[in-house]
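Colleague: Letter by letter, the chains look like this.
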Amino acid sequence: QKEVEQDPGPLSVPEGAIVSLNCTYSNSAFQYFMWYRQYSRKGPELLMYTYSSGNKEDGRFTAQVDKSSKYISLFIRDSQPSDSATYLCATRLSIQGAQKLVFGQGTRLTINP
Amino acid sequence: EAQVTQNPRYLITVTGKKLTVTCSQNMNHEYMSWYRQDPGLGLRQIYYSMNVEVTDKGDVPEGYKVSRKEKRNFPLILESPSPNQTSLYFCASSLTGAKLFFGSGTQLSVL
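Chain order of the listed sequences is U and X. Quick note on numbering: the numbering used here labels position 22 of the first sequence as 22, and the sequence is numbered without any gaps. Positions in the second sequence are counted from 1; adding 113 to them yields the numbering used here.
Only chain X is shown next, with the shape it has when bound in the complex (with noise of 0.2 Å):
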């Protein structure tokens, strides 16, 4: 089954440990984006790969990092989360960048 697999589902942790959430996909796909989502603000950009070794910036990438060193992995990680990274997760995957296919989300709770 063609799919996006995150994890964890939900985390909750504290200021400044540092954490992974682990992005999977299995279409083969070249492009692969982190997301948040926040009440009001909707899904915002976090950083996006166009393919392996390839990453670059979205709209909200400040606290996060990003790594592609094989094409179906794309993990975000946070070196020090802070209570305003509270907030659903979400990876998503697609073969242009237009047509995405999102992971089930991540709920992350900072305190």
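If we strip away everything but chain U, and leave its shape as in the complex, we get (with noise of 0.2 Å):
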């Protein structure tokens, strides 16, 4: 089993919906949590960063950390065309002062005008 999984997709949703991007994770000792959006060609870039479980909100974007079901999701309000991007999700946990950073598989996703 993966440490963390998550559904590649393809999503495909028409501009302006709501959409929901989520990932599971298998070890309660990860502590961060992390979304970053991968534009085609390019190096992820880090989206929302959550330490803790509950919601957290930038904007169009909420990230929902809910560590008793270790599920991690994504929502994206009013999706725009250049929302079109693979989004992953990432955990973090430090053991001993190493640090350990597992991504999800990433979901792609295209929003269509």
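Just so you know, these hints were derived from the structure itself, not from any lab. Any given hint could turn out to be false.
What the hints assert, rightly or not - List time: in silico DMTMM-like cross-link candidates among lysine to aspartate or glutamate, alpha-carbon distance up to 25 Å: (1) U/LYS100 with X/GLU175; (2) U/LYS100 with X/GLU114; (3) U/LYS70 with U/GLU5.
Since the structure is predicted, the reported quantities are computational estimates derived from the model, not experimental observations.
Reassemble the complex: the two chains are provided individually, in unrelated frames, and hints are given to aid placement.
Modeller: This is the structure:
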């Protein structure tokens, strides 16, 4: 079983729709949760970063973490064609000074005008 | 401009011919890391470095070497590349190891 599972999609929705992207993780020791966005032929860029359970909002984006269920989500409101990209969830923990960062497979999202 | 610079962007080589992919960051970050990205497998960590002269294996280190002689540079070395190392490679840096800044990637093909 992969430590972080993410539906690879692809996911295609009309402009203006609410998008929900989800990941599950297996290790309850993971402490930090991130969402990265990756445009075609580019490196991933950090979109959202959170430590605790609950919601974190940034503009049209909301990251949600449920540690009891080991479930992380990213919601995109009023989706735009410029949101078309691959979205990767990631989790991180520190073990005796070492950093372990694990990514999901990424979900390819297309927003249709 | 704060950035992580990888070179080259594209590289085609043959089996067994040693190669180095360079990575440099101008943000004075202590943490640097290398990933490979393959379809269906996502990003997998190859090696990481917490500081100068401190490196450690990630999830898929076999066939790779790294060095961290200076804070800004973290080259990835393939001593004897094989076709299964054909992949898209990313270098990343971070102040703490969580909020990563990625380079633009190196597409490597080993024939």
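Colleague: Checking each numbered hint in turn, tell me which of them this model violates, lowest number first.
Modeller: The structure breaks only hint 2.
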